[in-house]
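**Student:** If you read the protein sequences in the order shown, they are chains A and B. Under the numbering used here, read the first sequence as residues 1 to 301, first letter to last. Under the numbering used here, read the second sequence as residues 1 to 301, first letter to last.
Where hints are given, some of them may not hold.
[To be verified] Think about it this way: if two alpha-carbon atoms lie no more than 25 Å apart in a straight line, the pair counts; the simulated BS3-like pairs of lysine-lysine are: (1) K138/B / K77/B; (2) K77/A / K124/A; (3) K138/A / K154/B; (4) K124/A / K154/A; (5) K124/A / K138/B; (6) K124/B / K138/A; (7) K124/B / K77/B; (8) K138/B / K124/B; (9) K124/A / K138/A.
[To be verified] With beta-carbon atoms standing in for the labels, derived distance ranges: (10) D105/B / D110/A: 37 to 43 Å; (11) D63/B / I210/A: 51 to 57 Å; (12) S114/A / P94/B: 33 to 39 Å; (13) M9/A / P94/B: 22 to 28 Å; (14) S114/A / M9/B: 30 to 36 Å; (15) V156/B / S114/A: 56 to 62 Å; (16) S245/A / D57/B: 36 to 42 Å.
Calculated directly from the structure, the hints in this document are not laboratory data. Quick caveat: nothing in here was measured; it's all calculated off a predicted structure. Where a beta carbon is used, it is the ideal one built from N, C-alpha and C, also for glycine.
There are 2 protein chains.
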Amino acid sequence: MTHFAPFTMQDRGLAYGDGLFETMRLSRGQLSWWPEHFARMSYTCCVLGLPIPDEIDVRVAIDSAVAQSGKSEAVVKLMYTAGSGQRGYLRAEPVEPTLAVLIGDVPAADSQWSVQGLSVGLLKQSGGIPIPALSGLKHLNRLPQVLARMAWTKGVDECLIQDENGLILGGTQSNFYWLENGRWFTPPIQGSAIAGIVRALLCRYLGVTIAPVSIGRLALAQAAALSNAVRGVLPIGCLAGRVLSVDQSMELVARWQRLCDLQANVSAKPLDSAWFALQRQVAVLDSGSQVRCHKMFGEKG
Amino acid sequence: MTHFAPFTMQDRGLAYGDGLFETMRLSRGQLSWWPEHFARMSYTCCVLGLPIPDEIDVRVAIDSAVAQSGKSEAVVKLMYTAGSGQRGYLRAEPVEPTLAVLIGDVPAADSQWSVQGLSVGLLKQSGGIPIPALSGLKHLNRLPQVLARMAWTKGVDECLIQDENGLILGGTQSNFYWLENGRWFTPPIQGSAIAGIVRALLCRYLGVTIAPVSIGRLALAQAAALSNAVRGVLPIGCLAGRVLSVDQSMELVARWQRLCDLQANVSAKPLDSAWFALQRQVAVLDSGSQVRCHKMFGEKG
Numbered sequence: 001m002t003h004f005a006p007f008t009m010q011d012r013g014l015a016y017g018d019g020l021f022e023t024m025r026l027s028r029g030q031l032s033w034w035p036e037h038f039a040r041m042s043y044t045c046c047v048l049g050l051p052i053p054d055e056i057d058v059r060v061a062i063d064s065a066v067a068q069s070g071k072s073e074a075v076v077k078l079m080y081t082a083g084s085g086q087r088g089y090l091r092a093e094p095v096e097p098t099l100a101v102l103i104g105d106v107p108a109a110d111s112q113w114s115v116q117g118l119s120v121g122l123l124k125q126s127g128g129i130p131i132p133a134l135s136g137l138k139h140l141n142r143l144p145q146v147l148a149r150m151a152w153t154k155g156v157d158e159c160l161i162q163d164e165n166g167l168i169l170g171g172t173q174s175n176f177y178w179l180e181n182g183r184w185f186t187p188p189i190q191g192s193a194i195a196g197i198v199r200a201l202l203c204r205y206l207g208v209t210i211a212p213v214s215i216g217r218l219a220l221a222q223a224a225a226l227s228n229a230v231r232g233v234l235p236i237g238c239l240a241g242r243v244l245s246v247d248q249s250m251e252l253v254a255r256w257q258r259l260c261d262l263q264a265n266v267s268a269k270p271l272d273s274a275w276f277a278l279q280r281q282v283a284v285l286d287s288g289s290q291v292r293c294h295k296m297f298g299e300k301g
Numbered sequence: 001m002t003h004f005a006p007f008t009m010q011d012r013g014l015a016y017g018d019g020l021f022e023t024m025r026l027s028r029g030q031l032s033w034w035p036e037h038f039a040r041m042s043y044t045c046c047v048l049g050l051p052i053p054d055e056i057d058v059r060v061a062i063d064s065a066v067a068q069s070g071k072s073e074a075v076v077k078l079m080y081t082a083g084s085g086q087r088g089y090l091r092a093e094p095v096e097p098t099l100a101v102l103i104g105d106v107p108a109a110d111s112q113w114s115v116q117g118l119s120v121g122l123l124k125q126s127g128g129i130p131i132p133a134l135s136g137l138k139h140l141n142r143l144p145q146v147l148a149r150m151a152w153t154k155g156v157d158e159c160l161i162q163d164e165n166g167l168i169l170g171g172t173q174s175n176f177y178w179l180e181n182g183r184w185f186t187p188p189i190q191g192s193a194i195a196g197i198v199r200a201l202l203c204r205y206l207g208v209t210i211a212p213v214s215i216g217r218l219a220l221a222q223a224a225a226l227s228n229a230v231r232g233v234l235p236i237g238c239l240a241g242r243v244l245s246v247d248q249s250m251e252l253v254a255r256w257q258r259l260c261d262l263q264a265n266v267s268a269k270p271l272d273s274a275w276f277a278l279q280r281q282v283a284v285l286d287s288g289s290q291v292r293c294h295k296m297f298g299e300k301g
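Same shape as in the complex, but just chain A (with noise of 0.2 Å):
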């Protein structure tokens, strides 16, 4: 039985960042990819230092807060901090974490996706090195792309993030796909850019390629695509003020969709293991170098 501290102006989440989140849709009453989502969850607890939860635990909170809101299609957002603290940058032994589930209407899509694509612009955000072994977690400090986010050109619908190397991290709050010669890719994680659910499952069963892409290489992209886990595929109608035709990167689409409704029919039994899905995580998340986990591995593989 994990131990959950109820939420406090002293909350550590609060004061630092020290803490994690998990966006995740609700659909047709659902959760979708949740093994995925608890075992990214479980990696960055552990690159943290934080324990990881009993899953069944945060299961039962989040599906009390499911059927409290009522809801059948909406957003679950799930924040694990090290919880209350003294001040000072020390944790208090043992943590004692928070967990704190909120439940979100899912935003309204744009008709006009499906047919015209999303318009995408491109920020340059200069920056030196993130620490790498934090670099695609999904961990509370967000600085980054608060300010990404403040900086969006008029009229878009998404920014993809330049880095100072001129290398494309993705968007602000989503992965980056492009269509180069028939074949889709993504780019490595790097920086500021999170290691998307929706890409594990793209790069894993649907035969995305991780590339590195700069500005000049975006001019070969045939179709472009971004993901989350609440919008999951969309397609790129127009991309740094270049109009792209998205029947391409609608098939991209579609196929997404068949994989979600695979994964909901066949829902008390996902894919594969949550273990399985863990493994998949960190060769995606693919940061290379910073695997902290072997304790973890070493128990379960």
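The hints should help you fit chain B onto chain A, whose structure is shown.
**Tutor:** Relative to the frame of chain A, chain B by itself:
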């Protein structure tokens, strides 16, 4: 009149670390160096795009919390966030900031510190928060410090952080000073280092000079010290295994104490106005390049 929204679970400080904090020392019932803290807070608001609160309103909130606590010696921690918001990186308009004031005990000092000095270790931490404009600011994205604090070797009182270029950034929770050829130096603010108020005062009033320092240059140090707003200036007696005499660093401690006494005696009229403090703060932030507060400077300059 600044409107402060109540704190909720949807607070963007919790969700994204979208806000700032200040840690201040209450000494003999007086809040030390308030104009300097408010100046840094204002500058941080400016970089983060948060409304600068009315100084009087913030002081009323602090003084009320101090009075309720009944303490005359305390650590006063102020958190100021972008307030409650819908899910998503974009802030609601207009932002209704949250202000929280926490009053804590002054941590016990080790009586041996003035005799033997602190024992200080060395940590390597590649990277930091990836946005240069955020360097030095006391924003709520503090996972680099949390991870560094967890990595302290046993038996030390603080650790210096060395970045991937071999440069010392400062302590995990303090600024760093070293004496070389009879002059005191402190490293420039880079990466995850915070531009401390005590550091700013030492540079302005006590002749401390900003210079980069690698581990090699540290071998030239005749003495060394640390500072933060809670403890002031403390001597280092052991630096990465090398024993240092604390006599010369205790001279810096004594000079700091005289400066504090002078400030306390003219508490109704600080050494100079908050506006000069702000100019100084910006100069001492010295991360260069990214001053985004032209409007604010223009209005007051």
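**Student:** What hint numbers does the structure not satisfy?
**Tutor:** 2, 3, 7, 10 and 16
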